[in-house]
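Residues per chain, in single letters:
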Amino acid sequence: MTDTMKNKNNFLHKLVLQTIGHEKRQHYMIPVFTILLSLLFGILVIALLGKNPLQAYYNLLQGSGLAPKASYAGHKGMITDFTSFLNALTPMLFAALAVLIALKAGLFNIGVSGQMLAAGFTATILIGYSDLPAVIAKPLVILIGFVIGALAGASVGYLKHRFNINEVVSTIMFNYIFQNVVSFLINTFYVDPVSRQSKNVGQAGRLTLVDVVIGDYKMDIPLGILVAVIGIAVTAFVMNRTTLGFEIKAVGSSIRAAEYAGIQVGRTRVLAMMLSGGFAGLAGVTYYLGYFASIQPKVLVSTGYDAIAVALLGNSSPIGIIFSSFLITVISKGSTYMSSTSGVQAEIASAITGIILLFSACGAYVRYKVNRWKDDRNN
Amino acid sequence: MNTIIIDGLSFALPLFIMAIGGIYCERSGITNLAIEGLQGFGAFCGALFAVCIAQYFAGNSPVPFYLAMLFAFLGGMLFSLLHAMLCIKFKANQVISGVVINILAMALTEFLTKQINASIFGAASNKFVLGVSARITVPGLSRIPVLGAVFTNLYPFEIVIALIAVIAWYILYKTRFGLHLRACGDNPHAVDAAGIEVSRVRLIAVMASGALSGLGGICFAYSISANFSSNIYSGYGYLAIAALIFGNWKIMPTLGACLLFGFARSGGYELVKVLEMPSSYQDLVMVLPYVLTLLMLIFFSKKNHSPKALGEIYDKGAR
Numbered sequence: 001m002t003d004t005m006k007n008k009n010n011f012l013h014k015l016v017l018q019t020i021g022h023e024k025r026q027h028y029m030i031p032v033f034t035i036l037l038s039l040l041f042g043i044l045v046i047a048l049l050g051k052n053p054l055q056a057y058y059n060l061l062q063g064s065g066l067a068p069k070a071s072y073a074g075h076k077g078m079i080t081d082f083t084s085f086l087n088a089l090t091p092m093l094f095a096a097l098a099v100l101i102a103l104k105a106g107l108f109n110i111g112v113s114g115q116m117l118a119a120g121f122t123a124t125i126l127i128g129y130s131d132l133p134a135v136i137a138k139p140l141v142i143l144i145g146f147v148i149g150a151l152a153g154a155s156v157g158y159l160k161h162r163f164n165i166n167e168v169v170s171t172i173m174f175n176y177i178f179q180n181v182v183s184f185l186i187n188t189f190y191v192d193p194v195s196r197q198s199k200n201v202g203q204a205g206r207l208t209l210v211d212v213v214i215g216d217y218k219m220d221i222p223l224g225i226l227v228a229v230i231g232i233a234v235t236a237f238v239m240n241r242t243t244l245g246f247e248i249k250a251v252g253s254s255i256r257a258a259e260y261a262g263i264q265v266g267r268t269r270v271l272a273m274m275l276s277g278g279f280a281g282l283a284g285v286t287y288y289l290g291y292f293a294s295i296q297p298k299v300l301v302s303t304g305y306d307a308i309a310v311a312l313l314g315n316s317s318p319i320g321i322i323f324s325s326f327l328i329t330v331i332s333k334g335s336t337y338m339s340s341t342s343g344v345q346a347e348i349a350s351a352i353t354g355i356i357l358l359f360s361a362c363g364a365y366v367r368y369k370v371n372r373w374k375d376d377r378n379n
Numbered sequence: 001m002n003t004i005i006i007d008g009l010s011f012a013l014p015l016f017i018m019a020i021g022g023i024y025c026e027r028s029g030i031t032n033l034a035i036e037g038l039q040g041f042g043a044f045c046g047a048l049f050a051v052c053i054a055q056y057f058a059g060n061s062p063v064p065f066y067l068a069m070l071f072a073f074l075g076g077m078l079f080s081l082l083h084a085m086l087c088i089k090f091k092a093n094q095v096i097s098g099v100v101i102n103i104l105a106m107a108l109t110e111f112l113t114k115q116i117n118a119s120i121f122g123a124a125s126n127k128f129v130l131g132v133s134a135r136i137t138v139p140g141l142s143r144i145p146v147l148g149a150v151f152t153n154l155y156p157f158e159i160v161i162a163l164i165a166v167i168a169w170y171i172l173y174k175t176r177f178g179l180h181l182r183a184c185g186d187n188p189h190a191v192d193a194a195g196i197e198v199s200r201v202r203l204i205a206v207m208a209s210g211a212l213s214g215l216g217g218i219c220f221a222y223s224i225s226a227n228f229s230s231n232i233y234s235g236y237g238y239l240a241i242a243a244l245i246f247g248n249w250k251i252m253p254t255l256g257a258c259l260l261f262g263f264a265r266s267g268g269y270e271l272v273k274v275l276e277m278p279s280s281y282q283d284l285v286m287v288l289p290y291v292l293t294l295l296m297l298i299f300f301s302k303k304n305h306s307p308k309a310l311g312e313i314y315d316k317g318a319r
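Heads up: the sequence lines are chains C and L, in that order.
Using this note's numbering, you'd call the opening residue of the first sequence number 1 and step up by one each time.
Using this note's numbering, you'd call the opening residue of the second sequence number 1 and step up by one each time.
Isolated chain C (complex conformation):
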């Protein structure tokens, strides 16, 4: 190695160590690094396509109501875009919580999308199509969402505990089963012949208040976001302050150690999957009876998969996922506006999400490498 290269390398090491070398800061500096790298990658791709990357990114913010657009339709404004953004954010927060709780127990819930569908569909046909008054219907929707999701999650946990079936495989099988069965039921009994989707649910059961007039604006107000904030607080409390949280984390870090400590591994896993499924169910009702009012047959939403990215990026911490779901939702929600104004294909949004995910998978390695460099330097 020549001298200049060595110098350059040293300089790079120093730079990296100064920014993400500090152990206390690593838990948020590494995700920030990951995001910056991914956004840089996005800039590169958009520039290669001959479009203005900064303009495109600004469009993402505009589409999410975080920056003013050039013009608005009647009764619309930045604030209406923003409440619509919150509307999209709500299911993502729940879905990320679902992935996170399973991750803490060392389990992978790939089935969030399927659990969302099962819960959303059940709530739609039981409450959404009923004539119950709003005061009763809305809490019931939330309850049913949680219970159905929890049942779906618990059965995955039980299959793992009792029959040693890998949860990744069983959740995926359940995804396809829910997807096809729900599609069959919608097409046979509940289809709206015009939209080819399920018939719209009534306003009483819907968790988003639609077209509320405030001042000059007509906006959608998601009630679910309050429940989501409560859910995050409860999860943080359970994980950090209760025996159940401790047991879940113990099982997630080492099954054998947890067994020696007298923790019932099987029971804890089933419980964790039940909670995880419950939150997935809430994501489902806030999606199908909130953000939307109908279900498209044969389609599993990508929220469940994006939530994996959100949870990993948020460092599997309940507070962390607030930031990461905000970011991922900006990218996905803003992409429609971006593609209509900048002409960049909207699909690039999920590609950037994928790249973020790819880099965050390397997080552990980066931490290991940086700490090695630091040890070398100290010696």
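Calculated directly from the structure, the hints in this document are not laboratory data.
In this text, all values refer to a predicted model and were calculated from it rather than measured experimentally.
All clues stand as given, with none of them false.
Which chain L residues stay away from chain C? Per the calculated CB distances, all over 10 Å, these:
no. : residue
1   : Gly140
2   : Leu147
3   : Thr152
4   : Asp186
5   : Ile196
6   : Ser225
7   : Pro253
8   : Phe263
9   : Tyr269
10  : Leu275
Distance ranges between label pairs, derived from CB positions:
no. : chain 1 : residue 1 : chain 2 : residue 2 : range
11  : C       : Phe41     : L       : Leu275    : 45 to 55 Å
12  : L       : Ser61     : C       : Lys218    : 54 to 64 Å
13  : L       : Asp186    : C       : Ala236    : 38 to 48 Å
14  : L       : Asp186    : C       : Thr243    : 35 to 45 Å
15  : L       : Arg135    : C       : Lys51     : 41 to 51 Å
16  : C       : Phe189    : L       : Asp186    : 44 to 54 Å
Yeah, the Cβ is synthetic: ideal placement off N, Cα and C, and Gly gets one too.
Since chain C is already given, all that's left is putting chain L on it; use the hints.
Showing chain L alone in chain C's frame:
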């Protein structure tokens, strides 16, 4: 009866070749949940190449199809390097890596398909149209009662897959390399002590898995869907994983599992047709392979033994 066998085989064999790739990968000790993404990316590469060269060949020429198979093979192999890099070099969690690769493959191919269609072919489309590959019937053999259906209306890729499967079986069980590969999955330290580089064997296994997955993917694109679009991600890769798990990570039992999926699927479709049920009942039939998988797993999971070192990050220094 004949249609059930013909359609069942054309579904089971591509599944089987992906599962063989998965067996290679997992027997070497690397968990592979990435098959779904690998088959999609492989199919994308093959389809892209086929669409690009289509104008130089006559409409019924089989050459683009074979070249597409080759490129799907290479494309899957290329993309699997990502899995290898994450799992072997970066020591990432192998399950996470697999999931990441699936999501990335889905996002990338969807984006690229639209972008390439718009900027090169000047069409706003989210798919590459391929058509269905020509079929062949083996004269003579196809006259045998019942079994003759196996040789009737074959897709050419079924023959290619059968050949590759035999070679793959031979390499895994009868060669020195196959022995090393299987040992890597059970006791990598012993392999290391014998002077063989574990990471190199695993790299080759992951690449083989990517290549075979890509091959399986392009076969589905040329038969069931007749195009490349995001429809390719309808769970074939995961079915292959389920097949290899209750094939107990062995090639011959896995073939049985794949055939079962194939015949359950084609049998169900045939049933809907015979009973003249409305087409929405097909959705219910589509559930069959997945329900079967779960049931079979419930019965067989306890007895199955995954490779001992599966999913463990190989650390030379660990004792």
